[in-house]
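2 protein chains.
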Amino acid sequence: MTDSPGGTGTGPAAPRRRGRPPRASVDTGPGTRERILAAARAEFSDRGYDKTSMRGIAKAAGVDAALVHHYFGTKDEVFAAAVEVDFEPALTLSAVLGHDLDGVGERLARYFLSVWENPATRTPLIAVIRSALTHEAAAKVLRGFVLRRLLERVAADLKVPDPRFRAELAASHMIGIAIMRYVLEVEPLASADPESIVELVAPTLQRYLTEA
Amino acid sequence: MTDSPGGTGTGPAAPRRRGRPPRASVDTGPGTRERILAAARAEFSDRGYDKTSMRGIAKAAGVDAALVHHYFGTKDEVFAAAVEVDFEPALTLSAVLGHDLDGVGERLARYFLSVWENPATRTPLIAVIRSALTHEAAAKVLRGFVLRRLLERVAADLKVPDPRFRAELAASHMIGIAIMRYVLEVEPLASADPESIVELVAPTLQRYLTEA
DNA sequence: GTCTATATCGTGATAGAC
DNA sequence: GTCTATCACGATATAGAC
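So the sequences go chain by chain: L and R. Read in numbering that gives the first Met the number 0, the first sequence has 74 at position 75, and its numbers run on one by one without any break. Read in numbering that gives the first Met the number 0, the second sequence has 0 at position 1, and its numbers run on one by one without any break.
Just to be clear, a hint being listed does not mean it is correct.
No distinction is drawn between identical chains; accordingly, a pair holds when it is met within one copy or between any pair of copies.
With a straight-line Cα cutoff of 30 angstroms, these simulated DSS-like cross-link-like pairs (lysine-lysine) come out [said to hold, decoys possible]:
hint, residue 1, residue 2
1, K158, K58
2, K58, K74
3, K158, K74
4, K158, K50
5, K139, K158
6, K50, K139
If you're looking for bench data, these hints aren't it; they were derived computationally from the structure. Nothing here was measured: the structure is a model prediction, and the numbers come from that model.
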């Protein structure tokens, strides 16, 4: 059984490579992979998971559709790679929660807006939120990563009854703002000065997170 | 012209109704049309616009797919008919905003939760929200109807600077709560007692809508 | 490594039999 | 009124030529 390349010579004995790793490992192309990822992020962010097609990603990246499959495999894997945001929130969150809880509302509001005002971090976040309401994989990302890890971290430092509940109320407000301002782009919220939002929202967060 | 039922007696003279309107007015079926609408609401609510198919609606309603087309025409029309909520918000809103702005935060929070706790009103709302982030027609419904008409009505009564902005901040919080509690079903928010939510959220709304 | 060609499926919508 | 049959289209994914 199992042809060894040499064999007896009876057939053409096309030497079928045996040990070749299944997925392209060398990655010679210049920035092809990165271009595809950037295009995927933009597409998922603009259209959400379902309405984004592999063809559309490929066209936006200027490559062939089969290449996307070649690099990432299935569509779900493209999505996962596209929204995988590398910033480590634990670090920055420590600075936000910081030493005491005085002024945590304002620091949190400002941190939240800074993340969303920066296009590099905003794009994958919009992609996740847009897709989370209709696609289960995206919902898992939102629930598991953003909410679980962030909320647990925040709730751990609170000194109020039902800290998890308080943290979720704060999060619900920020998610609502993100949707209306960055996804739905409802005016005048969409064009409002970030500082004017901080000014009004900070006391709310402060109350949820600290006031008994 | 036009046969009178008695006639001359030549035929069996089955008395054909004369004024019969073109589209099934009598609705002979038990509640076929209503069953389709209910199934459509459920499907749109569970899956969002894009992932809901005419075939799926038909199967859930126990009818043929072509019937859905026959009754409603296009998929967009089915959606429009399914989410068209008949409650007149202007009336109830008047009671919420009421005479003075004292306690408007609590009345608004309680009204908001009562609408979402009632399955009859919740289902089409979830359908709209689920679809709004990916489907333009649904976004139009949310933007134009819910936000425009409700927000304008609320903002008109406020006595603060930037009333529209204030009303949107309040709305963003309620939308965020609706998404986390009813769509994503994040715990413990999803199972929390409505009154405990009112208790914490009411002061926030009150401040946004009244405090200078 | 890159792309052409294609297999397979599900979609919305329509025409027409009964 | 209800359903069968079908069209035209776009989707994911794969096989294989160069």
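Outcome of the hint check:
Taking the closest pair of Cα atoms, K158 and K58 never come within 30 angstroms of each other, the shortest separation being 52 angstroms inside a single copy and 51 angstroms across copies. Taking CA atoms no more than 30 angstroms apart as the test, K58 paired with K74 passes in both settings, with 15 angstroms inside one copy and 28 angstroms between copies. Taking the shortest alpha-carbon separations for K158 and K74, neither the intra-copy value of 43 angstroms nor the inter-copy value of 51 angstroms comes in at or below 30 angstroms. For the homomeric pair K158 and K50, neither the shortest alpha-carbon distance inside one copy (44 angstroms) nor that between copies (43 angstroms) is at most 30 angstroms.
For a Cα distance limit of 30 angstroms, the shortest separation of K139 from K158 inside one copy, 29 angstroms, qualifies, whereas the shortest one across copies, 42 angstroms, does not. In this assembly of identical chains, the alpha carbons of K50 and K139 lie at most 30 angstroms apart whether taken from the same copy (18 angstroms) or from different copies (18 angstroms).
Checked against the numbered hints listed earlier, the structure breaks hints 1, 3, 4; every other hint is satisfied.
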